[in-house]
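Listed here are the chains, written in short residue letters.
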Amino acid sequence: MTAVQFIPGSSVAEYLSLVRRKNPLIHCVTNEVVQEITANVLLAAGASPAMVVGEGEAEDFVGICDGLSINVGTPFSMRVQIMKAAARKARELGKPWILDPVAAGALVWRDKIIFELMRTGPDVIRGNASEIKFLAGQGSGGKGVDSMDSSDSALQAAVELAEHYSSIVVVTGRTDYITDGTTTYSAEGGNPLITKVVGTGCSLSTLIAAFISSTDSKLEAAAACCAYVKKASEKAASDSKGPGSFHAAYLDALYNLKPEDFNA
Amino acid sequence: MTAVQFIPGSSVAEYLSLVRRKNPLIHCVTNEVVQEITANVLLAAGASPAMVVGEGEAEDFVGICDGLSINVGTPFSMRVQIMKAAARKARELGKPWILDPVAAGALVWRDKIIFELMRTGPDVIRGNASEIKFLAGQGSGGKGVDSMDSSDSALQAAVELAEHYSSIVVVTGRTDYITDGTTTYSAEGGNPLITKVVGTGCSLSTLIAAFISSTDSKLEAAAACCAYVKKASEKAASDSKGPGSFHAAYLDALYNLKPEDFNA
Amino acid sequence: MTAVQFIPGSSVAEYLSLVRRKNPLIHCVTNEVVQEITANVLLAAGASPAMVVGEGEAEDFVGICDGLSINVGTPFSMRVQIMKAAARKARELGKPWILDPVAAGALVWRDKIIFELMRTGPDVIRGNASEIKFLAGQGSGGKGVDSMDSSDSALQAAVELAEHYSSIVVVTGRTDYITDGTTTYSAEGGNPLITKVVGTGCSLSTLIAAFISSTDSKLEAAAACCAYVKKASEKAASDSKGPGSFHAAYLDALYNLKPEDFNA
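Chains as they are written, first to last, in the UniProt record's numbering: chain A, 1 to 264; chain B, 1 to 264; chain C, 1 to 264.
Rather than coming from a laboratory, the hints here were simulated on the basis of the structure.
Just so we're clear, the structure is a prediction, and the values are computed from it rather than from any experiment.
Where hints are given, some of them may not hold.
Since the list gives no way to pick out one identical chain from another, each pair is judged satisfied if it fits inside one copy or across any two copies.
[Stated by the list, open to error] Listed below are the simulated DSSO-like cross-link pairs for lysine-lysine, each with C-alpha atoms no more than 27 Å apart in a straight line:
hint, residue 1, residue 2
1, K22, K95
2, K196, K235
3, K95, K196
4, K241, K196
5, K22, K196
6, K241, K22
7, K258, K112
8, K258, K241
9, K235, K258
10, K235, K95
11, K95, K84
12, K235, K84
13, K258, K196
14, K112, K84
15, K89, K112
16, K95, K241
17, K196, K84
Based on the provided sequences and hints, a complete structural model is requested.
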């Protein structure tokens, strides 16, 4: 069994401070549905979003950005070529990049795309329990984007996946686990209302790109990001009456939370 | 003249309960503008959205989903091929699907696409008065997406269209009419502020897909969906100060309304 | 040094009244990220949005719309062809159109697209200081979409650009400048929180299209639009707790502000 440690509040404070100070520019090749919330989450947290998907510029922009986020939520051939080219370039230039393997295991065509991207060496893979278990060769994947499994059930799969791909793996759910195969952190809290707002998971992946682009301690930074989002989710739930007001309150909370709020 | 009956509150309660219990997975091939609100409306109501548009997976996903929603708000050739293939597959597999013929009558190229999709046998066609009248061979269509006509003026066109295509036709406006050509329901109420929020009409169509995917009584389910949305719109208007706060309050209302709220 | 005059409140009232009365239909070929907020800003202000990007209809729709807005935030080849065709058609038919040269100077491929569009004769070019300075041959452009420079530093560049292209140039920032090379207006106020909400700049460009489509006094109308948005931004900031609630409050303010609110 893997030993799991909480990410301490002092680490959350430290890595959130770095994001606020460095204002990393994140190259987002994400799905059609979540582009606006993804940009707004980055802005609220203190990073800068840029969605660059043109045939003549998506690769070049890897050289300009601080980190890259790739999300296969709505893949189509033209966009998949951009994803692959950007991922290869990130690898070549040593820029950190994260893969969000949305709905892995549900559709054969998509799974091939996901596995090809995984072989291009993402620094972080972030998924829900169904996705991570499928990628680790367990289970059969989710029904669309909904996870059927608790994150606890995917912890061992996350560790194995991290070892196999020499990558950080983040499996999110009621508890988030963040592992590099050797060290495993957890982040707890949050509120289930967040699952009723589209793009909160996808934008978390992109926000992790901002956190890992601001430091060399990528595992701790990814875990800090998860804890920060859990706290924002709790705050938002206490300020809202349903998923519509939650969405606004969540962005407000990401914006208003300060590093010192985690030092208590 | 067609006899029109109100959809009773007990039916709204019944079909909303079914959506909440069955949590139908809806395959959305919709326009670029409304993807986020469409997903959020489905989530708030108790269904699951999936936007799947890839060349290698959109057809396959018809076999996985519970219902399909096609919206031609921003058609372009590549996406139109996906719409046609998904619609044909839905027909082949007997999966329910709905067509939202946005701006029918305004542009010749789009009209050809719409008529081809209509010949693929949608279970439901949902439009505003201008669109429905144009499709029934009356009037000249709308200026863009705005309806020039009241829904009352399109009732007869809706009935004829339903008969001609053996489809359910929903024409929305101040009063919504839901007809299969023989039986016609109406849903009243709502608030005009909803017309100042983009995607509320488009997402209603997709929500109807969720309702009709949960039962064999598709006509009653479609009418129940309209009445549920009217009520959420009224509640949202009373909780908001303009279209921005309405948007959030509308999602909150869809989420918070319970079947028993319609049994009174 | 260019003489600068404030746009008077009576002009803001006048041009806002025209938009509310004429309800101009704006053809938006904009970026993937901001489509929803763009449509909602137009609706809240009293205009009508239409996103038409199909190969067989984007040009034809120029003949139907009252004005065209082109934004190169997320260009890709297929969409760039649509932009060029729509811009040429607008020029041919004498329909007003605006160009938002997002991130000009950051990427060579995009810059070529921008300069080709500029040669097609936009009525208005709207950018931040970095973009306008780059287009005028000064500076090196911005890091992604963030402006590095204050709008004051770009005033001279805006005037020169306006003269060179016989176009109105709007450079936005803490102070907005609106110039045709001879007469220059300014609009002041606003709130920096608006920079934390994606699409507020892009949707301002599209809203300027609505204002200039409602009158022949395009310079004054563009300036009036900027002043209206500054006021809505101030109102929204006073009603919100962060960027999430600002977004909703901003749309509410655009909707609730009346022409007479500017006559005081």
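Problem set entry | Up to 27 Å CA-CA - K112 versus K89, copy category | Both. Shortest intra-copy (20 Å) and inter-copy (23 Å) distances satisfy the 27 Å Cα cut-off.
Problem set entry | Alpha-carbon proximity between K22 and K95, which holds within one copy, between copies, both or neither at 27 Å | The answer is within: 15 Å in one copy meets 27 Å, while 44 Å across copies does not.
For this session: Pop the pair K196 and K235 into one bin, within, between, both or neither, using alpha-carbon distances up to 27 Å.
Result: So K196 and K235 pass the 27 Å test inside a copy (16 Å) and across (19 Å) alike.
For this session: Check K241 against K196 for me: Cα-Cα at most 27 Å, and say if that holds within a copy, between copies, both or neither.
Result: Intra 12 Å, inter 22 Å, cutoff 27 Å: intra and inter.
Exercise. Given identical chains, is K112 near K84, meaning Cα to Cα at most 27 Å, within a copy, between copies, both, or neither?
Worked result: both (12 Å within a copy, 24 Å between copies)
Problem set entry | Alpha-carbon proximity between K235 and K84, which holds within one copy, between copies, both or neither at 27 Å | neither (37 Å within a copy, 44 Å between copies)
Exercise. Given identical chains, is K235 near K258, meaning Cα to Cα at most 27 Å, within a copy, between copies, both, or neither?
Worked result: Classified as both; 13 Å inside a copy, 25 Å across copies.
Problem set entry | Up to 27 Å CA-CA - K196 versus K258, copy category | Result: close both inside a copy and across copies, 26 Å intra and 16 Å inter.
For this session: Please work out whether the CA atoms of K258 and K112 approach to 27 Å or closer within one copy, between two copies, in both situations, or in neither?
Result: Neither: 41 Å inside a chain and 42 Å across chains, both beyond 27 Å.
Problem set entry | Within, between, both or neither: K258, K241 at alpha-carbon 27 Å | both (24 Å within a copy, 14 Å between copies)
For this session: Give the relationship of K22 and K196 under a CA distance limit of 27 Å: within one copy only, between copies only, both, or neither.
Result: For K22 and K196, the Cα distance is within 27 Å only across copies (16 Å; inside one copy 31 Å).
Problem set entry | Identical-chain pair category, K196 with K84, by Cα at 27 Å | neither (30 Å within a copy, 30 Å between copies)
Figure legend: structure checked against the earlier numbered hints; hints not met, in rising order: 7, 10, 12, 16 and 17.
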